[in-house]
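Novice: Sequence:
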Amino acid sequence: MDMRRQIIARSETLRAIHAPQTTAAATGTPGSGTPAPGFADTLKSALDGVNAVQTRAENLSVAYQKGEVTDVAQVMLARQEAGIAFEATMQVRNKLLNAYQDIMRMGV
Numbered sequence: 001m002d003m004r005r006q007i008i009a010r011s012e013t014l015r016a017i018h019a020p021q022t023t024a025a026a027t028g029t030p031g032s033g034t035p036a037p038g039f040a041d042t043l044k045s046a047l048d049g050v051n052a053v054q055t056r057a058e059n060l061s062v063a064y065q066k067g068e069v070t071d072v073a074q075v076m077l078a079r080q081e082a083g084i085a086f087e088a089t090m091q092v093r094n095k096l097l098n099a100y101q102d103i104m105r106m107g108v
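Residue 86 in full-length UniProt numbering is what sits at position 86 of the sequence shown, and the numbering runs on without skipping anything.
Fair warning: there could be bad hints in the mix.
What the hints assert, rightly or not - FRET-style restraints, in silico, Cβ to Cβ: (1) 46 / 98: 27 to 35 Å; (2) 36 / 4: 22 to 30 Å; (3) 69 / 36: 39 to 47 Å; (4) 93 / 7: 28 to 36 Å; (5) 62 / 103: 41 to 49 Å; (6) 101 / 9: 17 to 25 Å; (7) 51 / 74: 36 to 44 Å; (8) 107 / 73: 51 to 59 Å.
Read the hints as simulated data drawn from the structure, not as lab findings. For glycine and all other residues, C-beta sits at the position ideal for the given N, C-alpha and C.
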């Protein structure tokens with residue numbers, strides 16, 4: 001039961017970290033005085049997030065190898081999360097590349 005509570009707590013923490021922010025400044029709603037973030041900014045923040053997840057997984061792996069972290073489930077969860085984040089990033093990249101190629105093939 002204790003392990004189940006830990007998994008649920010980690011799941012809730014991950015949801016809180018990855019939840020979209022709903023403030024007017026973050027969404028760039030009309031009348032808020034701030035422009036909506038551009039495509040480049042959105043892409044950069046997403047890539048920074050993936051990089052942070054991969055860095056965390058690497059740090060946990062190194063700490064486990066040194067004996068500083070003894071919870072192998074925590075290490076494996078972080079590695080799986082990093083792998084999934086990377087795969088999702090690759091899928092988005094592939095879709096963007098296909099869209100770009102389709103636009104370039106269009107006749108004027």
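Novice: Taking the hints in turn, state whether each one holds.
Specialist: A quick look at each hint next to the structure:
1. At roughly 18 Å, the beta carbons of residue 46 and residue 98 sit outside the given window of 27 to 35 Å.
2. Between residue 36 and residue 4 the beta carbons are some 41 Å apart, a value that contradicts the proposed interval 22 to 30 Å.
3. With their beta carbons about 40 Å apart, residue 69 and residue 36 fall inside the hinted range of 39 to 47 Å.
4. Between residue 93 and residue 7 the beta carbons are some 31 Å apart, a value that agrees with the proposed interval 28 to 36 Å.
5. A beta carbon spacing of about 43 Å between residue 62 and residue 103 agrees with the range 41 to 49 Å that was offered as a hint.
6. Separation of residue 101 from residue 9 is about 44 Å and departs from the stated range, judged on CB atoms against 17 to 25 Å.
7. Checked against the given bound of 36 to 44 Å, the beta carbons of residue 51 and residue 74, roughly 20 Å apart, lie outside it.
8. About 55 Å separates the C-beta atoms of residue 107 and residue 73, a value consistent with the hinted range of 51 to 59 Å.
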